[in-house]
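**Q** The lines below spell out each chain.
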Amino acid sequence: MDLQLEQIGHRYGDMAVLDNINLDIPAGKIVCIVGPSGCGKSTLLRLIGGLEKPSAGSVVQVGEPPAGSFNPLTYVFQDFALLPWRTVEDNVRLVLEDHPINKTETNAIIHDVLSRTKLIEFRHAFPRQLSGGMKQRVAISRALAVKPAVMLMDEPLSALDSQTRELLLDDLIRLWCREPFTSVYVTHNLNEAVRIGHSIVVLSRRPGRIREVVNIDLPLEQRARGHIELDRQQTHLWNIMRDEAIAADQELLSG
Amino acid sequence: MADSREVAFRGGGFAPQAKPWVGVLVFITVICIIEYGTRQGIISNLTLPRPTDVLATFLDLWRSGLLWSHLLPSLSRLFVGAALGATAGICIGVLIGLFSLIRAGLVPLVAAIFPIPKIALLPLFVIWFGIDEASKYALIAFGTFTPTVVATYGAVDNVDRTLIRMGQSFSLSWFSIVTKIVLPGAMPGILSGLRISLAIAIILLVAAEMLGAEYGIGAYILEAGSLYDLERLFVGVTILSLLGVLVSTLIGYTEKRLLSWRG
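The listed protein sequences derive, respectively, from chains A and B. So the number in this note's numbering is just where the residue sits in the first sequence, counting from 1, plus 43. So the number in this note's numbering is just where the residue sits in the second sequence, counting from 1, plus 2.
No lab work stands behind these hints: they were computed from the structure. Some hints here could point you the wrong way.
[Said to hold, decoys possible] Okay, derived cross-link-like pairs now, SDA-like style, lysine to any residue, Cα gap no bigger than 25 Å in a straight line:
hint, chain 1, residue 1, chain 2, residue 2
1, B, Lys-21, B, Arg-264
2, A, Lys-96, B, Lys-21
3, A, Lys-72, B, Ser-173
4, B, Lys-258, A, Phe-165
5, B, Lys-258, A, Lys-161
6, A, Lys-96, B, Val-180
7, A, Lys-96, B, Ser-173
8, A, Lys-190, B, Arg-264
9, A, Lys-190, B, Lys-258
10, A, Lys-72, A, Ser-101
11, A, Lys-190, B, Thr-164
12, A, Lys-96, B, Ile-166
13, A, Lys-146, A, Pro-115
14, A, Lys-161, A, Ala-267
15, A, Lys-146, B, Ser-175
Given the structure is predicted, the values throughout are model-derived calculations rather than measurements.
Produce the complete structure using the sequences and hints provided.
**A** What follows is the structure, encoded as structure tokens:
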């Protein structure tokens, strides 16, 4: 299943946030969206998944989601959004409860996703007992449990410290290599973007427009930290973004 | 060489710690001071009764069996009235929290009812529900209702919106979102609201029993008061305090059970 964004524009009252965004999200690829803060990248992600309605244009789903997908467009949030009163296992169970599957199947799915994220032994723990990295792995397992066609990841690593971020990025790459998934990955971290993105969309400052789309052909499993090609791309991205970022930094939020 | 000294500690404090025996100690000290004062004549018998006399009066009440004939009707009034008021309050509060139309319609009404001293409405309840138990239930229920509504919709409003968005992003049904995300998320606020509501229920219990009740803690206190029988008055007041402590303990226990996830 592919997604197409057709002339998406969005405004909050008088303030234009996004303007004329056209973008294809091909199946099996990770599309990163980067841009200066406040450029509307998280808003764009909410529009893609239908959590918000665009003021103009539309998001089109091309083709059917794979059979057995319970929730084709599935989010991973920056702040994890785990229910504190449910254990790890029950947080995953939550998103399966509304679907017509029996208990054995549910348990099998939970077991599968928790073992893929190496959380099996923590399945009875409560979120407050987990580190930030573990919480985000729970949220990723929860997303995997509904067999999404597209994973919409909103700065999934930004709330984590840099070591944890590095580890979890490796985990994500390993998950993708094992079983490629489609994803839109919003981040402000250019290093993350060049490590995990098949293509990287650079947005301008508000109102967000597409400045450039950078494709990186190097396979994900070869993208080691400090790879020369990646460094070159990262510098290139930073050169595009620097002036935008400076200008965005000096704008008033309410302006 | 410049003189050196240790950097002085200036953090600490502002962190409540559990010191369970201090509360009991304060109680005992106060009672001992009163006992000593009344025995020495520093405090006259008209000002405060002697604690040992109060205890003796209480034991008399217990032995005569009258304790239960006063306490049981009070407990059943408190239970029925508070249960009605709290249940209705939680239901209406959740509805206000969930539906904008109901909020727009009922919040001003609740705000208008809240500050009315419910005791002032007692004659009205007597006309509506008769002099019997029903008017007492109604008074207690009504008094419990308003603070519960306010606490409940506040608690629903404070449920983390990102959790609700998460539920929607996984296409959970509306019913699932309400029962699995909104209600558990509002539970801490609802329970702390109940602490206040139930204390108000005890206050109103006495008020209700001061009018047209033969038995009940309120009737007992009223009778003692009009006879200026301070010992019996204090027995009644002590029973009410103990009732308050009991209710508070029960809610604490419920919080421990329902909110164990808070750790």
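**Q** Straight-line Cα separation of Lys-190(A) and Thr-164(B) no greater than 25 Å?
**A** Given that 25 Å is the threshold and the Cα spacing comes to 22 Å, the pair holds.
**Q** Between the alpha carbons of Lys-161(A) and Ala-267(A), is the straight-line distance 25 Å or under?
**A** Holds, at roughly 22 Å.
**Q** Between Lys-21(B) and Arg-264(B), is the straight-line Cα distance small enough, at 25 Å or below?
**A** Cα-Cα ~21 Å, so holds.
**Q** Hey, Lys-146(A) versus Ser-175(B), does the alpha-carbon distance stay inside 25 Å?
**A** Status holds; Cα separation ~19 Å.
**Q** Would you check the hint for Lys-96(A) and Lys-21(B), treating anything up to 25 Å between C-alpha atoms as holding?
**A** 54 Å, violated
**Q** Against the 25 Å threshold, does the CA-CA distance of Lys-258(B) and Phe-165(A) hold or violate the hint?
**A** Measuring from Cα to Cα gives roughly 23 Å; hence the hint holds.
**Q** Holds or violated: Lys-72(A) and Ser-173(B), Cα atoms, limit 25 Å.
**A** The given pair, whose Cα atoms are some 24 Å apart, holds under the 25 Å limit.
**Q** Given the proposed pairing of Lys-96(A) with Ser-173(B), does the C-alpha separation stay at or below 25 Å?
**A** 16 Å, holds
**Q** Does the alpha-carbon distance linking Lys-72(A) and Ser-101(A) stay inside the 25 Å limit?
**A** Since the Cα atoms of Lys-72(A) and Ser-101(A) sit roughly 21 Å apart, the hinted pair holds (cutoff 25 Å).
**Q** Measure nothing beyond the straight line between the CA atoms of Lys-96(A) and Val-180(B); if it is 25 Å or shorter, mark the hint as holding.
**A** Measuring from Cα to Cα gives roughly 23 Å; hence the hint holds.
**Q** Are the Cα atoms of Lys-96(A) and Ile-166(B) separated by 25 Å or less?
**A** Cα-Cα ~17 Å, so holds.
**Q** Given the proposed pairing of Lys-190(A) with Lys-258(B), does the C-alpha separation stay at or below 25 Å?
**A** 37 Å, violated
Comparing the model with each numbered hint stated earlier shows that hints 2, 5, 8 and 9 do not hold.
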